[in-house]
Amino acid sequence: MTTSGNTAATGRAGQAPVLAASEIRVVRAGSAIVAVDRFELPERTTHVLLGPNGAGKSTFLRVLNGLERATGRIWFDGREIASGRDRRALRRATAAVFQRSHLLATSVRANVEMGLRARGVRGEEAHARALRAMELVGVEHLAERGRDKLSGGEAQRVSVARALAIEPRVLFMDEPMASLDPPTRRSLLADLRSVIADLSIAVVWVTHDRDEAVAVADAVTFLSGGQVRQTGPAGDVFQRPRTTEIAHFLGLELYIDGEVVLDRGEARLVLADGTSIVCGEAEPGPSVGCLYPEDVVLFRQPPEEGSTSLRNIRKGTVTSIETLGRVRQVTVACGVLTLVATVTQAAVAELKLEVGSPVFAGFKASALHVLPRPPRRT
Amino acid sequence: MGQIWEGFEEALRLLFSGDAEVYQIALRSLWVSTLALTIAAVIGVPLGAALAQIRFWGRGGVVSLVNTGMGVPPVVVGLFVGLLLARNGPFGDLRLLYSNQAMVIAQLVIALPIVVGLSMAAIQHLDEGLRMQIVALGAGRLRTFWLLLREARITLMAALMVAYGALLSEVGAVQVVGGNIRGQTQVLTTGIVERMRSGQQATAIALGIILMLLVLGVLGGMTIIQQRSRRT
Amino acid sequence: MFITASQRLKLLLMFLVVVFALMAAACGDDGAAATEESPAGDGAYEADQLILATTTSLKDSGLLDELVLPAFNEAHPDITVKTIAVGSGEAMQMGRDGEADVLLVHSPADEAAFMEEGNGTIRLPVAQNYFVIVGPADDPAGVADAADAAEAFAAIPDSGTPFVSRGDDSGTHKKELSVWEAAGVTPEGDWYTSTGQGMGETLQVTSERQGYTLTDLGTFLSMQDSLDLEVLSEESEDLRNIYSVIVVNQLVHPKTNAAGAEMFAQILVASDMQAQIGEFGTAEFGQPLFAPNAAALGGPDY
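Protein sequences appear in the order of chains A, B and C.
Per the numbering used here, residue 577 is the first one in the first sequence, and the count goes up by one each step.
Per the numbering used here, residue 916 is the first one in the second sequence, and the count goes up by one each step.
Per the numbering used here, residue 17 is the first one in the third sequence, and the count goes up by one each step.
Okay, chain A solo, but in the shape it has when bound:
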């Protein structure tokens, strides 16, 4: 990877990204709320900007969409966006969906046609394109309905249809699911995934929800404090978070302190009591291992040798069972190691788990994410 501004417009595999940015800075009240050195969005890619609230994700999205001014350079379709006129052109070639649906007080159809009208598309053509967009997200039956007669999910679908109607080169999604209840969110998310795949458009998607990111992302940029902490293909970022902050945000809530040693070509994390855990890849040295609770599997009896690919199995005692939404989070004390497993209610019943039950907990070597230990605060 080079950092030269001139090459920012050329994509990785020689294919020009539809949208690229370099050296973006947004300064408010003396402090930089966005400082992104490089950003590229190839065609047909959904790039998720992930990070906690206040990380500058939405501000960065508005900069990319030409809604907010910033220092730095932006290229759209290989051409640099330099003037207010360019920003307008960028806005006209793209569309945005925000957390709130922001529909105008008129019919669904008129709302969906709004972006088209702003582009001079009227009459039959506008009707036809609006209808197609409404069909894509399944709101065509609501066409004549007023804004106030829509549920939150319907309104957000209309907002998406309004964005899709203009057939944008880039679709900007700024926390589009954040105001919806979980069932609505799930069904809209599923539909959006298939629509985005069918239309093969480029998407910039801002969210603070890991599951949402996992569901849609081709590439992920993790932002915090306005800075890029990690960027890359979605699998890389989710599987190999670079810092404990990212790991924590991704839901790797379990931290295991130890020292990585290489033993016959295999990396092992040696714990305080001298026992060790088999890791996937890891550099030797003081480290922290992290696990997704859903990667930890529980057994009543120790599994027979060879019957499982779990390289790490430990015996322990259940110390707590908590309800987390529709799943149970079971904490198991295994000597110096405390593991947390996310299991279903049915599994809890089947394994007859209760506080004090003896239990075996196991996880794959590859499930353990090993990060360099951050400097300790004294």
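No lab work stands behind these hints, which were simulated from the structure alone.
Be a bit skeptical, because a hint or two may be false.
[Said to hold, decoys possible] If the Cβ cut is set under 8 Å, some of the chain C residues that face chain B in the computed set are:
{"hint": "1", "residue": "Thr72"}
{"hint": "2", "residue": "Asp76"}
{"hint": "3", "residue": "Lys98"}
{"hint": "4", "residue": "Thr99"}
{"hint": "5", "residue": "Ile100"}
{"hint": "6", "residue": "Glu115"}
{"hint": "7", "residue": "Met215"}
{"hint": "8", "residue": "Glu217"}
{"hint": "9", "residue": "Leu219"}
{"hint": "10", "residue": "Thr235"}
{"hint": "11", "residue": "Met239"}
{"hint": "12", "residue": "Ser242"}
[Claimed, not checked] Simulated restraints on C-beta separations:
{"hint": "13", "chain 1": "B", "residue 1": "Gly976", "chain 2": "A", "residue 2": "Ser763", "range": "46 to 54 Å"}
{"hint": "14", "chain 1": "B", "residue 1": "Gly1136", "chain 2": "A", "residue 2": "Ala605", "range": "46 to 54 Å"}
{"hint": "15", "chain 1": "B", "residue 1": "Gly1136", "chain 2": "A", "residue 2": "Gln803", "range": "52 to 60 Å"}
Even glycine gets a Cβ: it sits at the ideal position worked out from N, Cα and C.
For chain A, the structure is supplied; the task is to place chains B and C on it using the hints.
Chains B and C in isolation, oriented as in the chain A frame:
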């Protein structure tokens, strides 16, 4: 009670016998206030919307001027406009004092700050995100402006209702700049005052009933429009 | 947030242009109409328009609207009379400012001063009548038995009956104050109330409180049916009320319409008009409201 009832009887007789002068006065009132409101709306709504959205040097001053203007008593406006239009005043050569035009101008001056101030509030109270969404959809400045105005139309309608009510029932300014000349510039409010003063209670009550009906009718009509536009 | 400074400025200018265009259109209209109407080049300002500043009581009696203005319009159909009803003091102030062409007032001392200042060219008495003291029928202060108004007023404070004043600086109010002065009474105390309103409202209040007040006869007669009050006073010199017409001096106030004003004065003092003034009110109230006065004073007071 008896006197009041007699007054009412006489008033109803005047109303139903189609007393020419009574109706002429009512029409003049309606005409003057409607014209003033229309001009105030044409100028004031865009001005208020602009004030709500555009930051420029001196904006704070303009806004406080508008807010002050909303509270100026009509009679003071009348005095001020009267001085400007007086024969020996700066606009004396237009010969507008004691005319219907003078009353329209004075009422315009009363209505304008109300319309501007309330339009500004109406646009400001729209969600900032809505504006961003409209811009993000590729709308230009004028379209954004227009869509925001449309979005705030119910509140804007309320602003115009408030202003219209204020104009129809205003007495201070039309008295001073119109002169309450019978057959020329007498309107409902000044007509009522004159007849109360000179002891013609029945006519005063008749004019009062018309004024009340007009205000109720106009405001009721606007309320219906408001409710209807809310439904879509 | 999304609009740059220069765009803001453009937008603002756009609106200012619209505003000024509208204002120009409105004013242009009126301006054009004005030029059409005004007789060009004869030097007389507003020759087609006459502003008459009159006392409220004279206008409210109906004398102007029913008698004088129709006669004037018939004689001079090309002149529009704009009748502005104000107090005598304000009417003369309009004359001093050159904002009125002709005055109808009833405040002789002030009128004399007005003439001395050179603000008027002609001052003619046109009508007279007598103010009346009205009050409850049982008349606790014995107003009906007093020789003149001053004597009547002097008895009111101790009669336990309130006196209601207009307190609005009108000619009637000024007359009332001059009577108090003649009576040697300072109008203050629980018994004395000011309404600050017109004659009609003041009469209402007086009737409600069963008190005394000073009123012109016309307003009282037109409201008599709804009032529980009686006329108690006799015609006495200190209740005499003289209405005069004054032509504002065009030499001092060049924008006035002196020609029209003089024609108006002429109509008022013409003998047939004077005769009609002497009859006015008889049909409605069974008695005249004014006595003709032009001849009585023996001629113009230049």
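Structure-based check of all given hints:
1. Thr72: 7 Å, holds
2. Asp76: 3 Å, holds
3. Lys98: Interface hint status for Lys98(C): holds (5 Å vs cutoff 8 Å).
4. Thr99: Holds: closest Cβ of chain B sits about 5 Å from Thr99(C), inside 8 Å.
5. Ile100: 4 Å, holds
6. Glu115: Interface hint status for Glu115(C): holds (5 Å vs cutoff 8 Å).
7. Met215: 6 Å, holds
8. Glu217: Check passed: Cβ of Glu217(C) comes within 6 Å of chain B, closer than 8 Å.
9. Leu219: 7 Å, holds
10. Thr235: The hint holds - Thr235(C) has a Cβ within 8 Å of chain B, the shortest such distance being about 5 Å.
11. Met239: Since chain B brings a Cβ to about 3 Å from Met239(C), closer than 8 Å, the hint holds.
12. Ser242: 4 Å, holds
13. Gly976(B) <-> Ser763(A): 46 to 54 Å: 53 Å, holds
14. Gly1136(B) <-> Ala605(A): 46 to 54 Å: Hint holds: Cβ distance 49 Å, inside 46 to 54 Å.
15. Gly1136(B) <-> Gln803(A): 52 to 60 Å: 59 Å, holds
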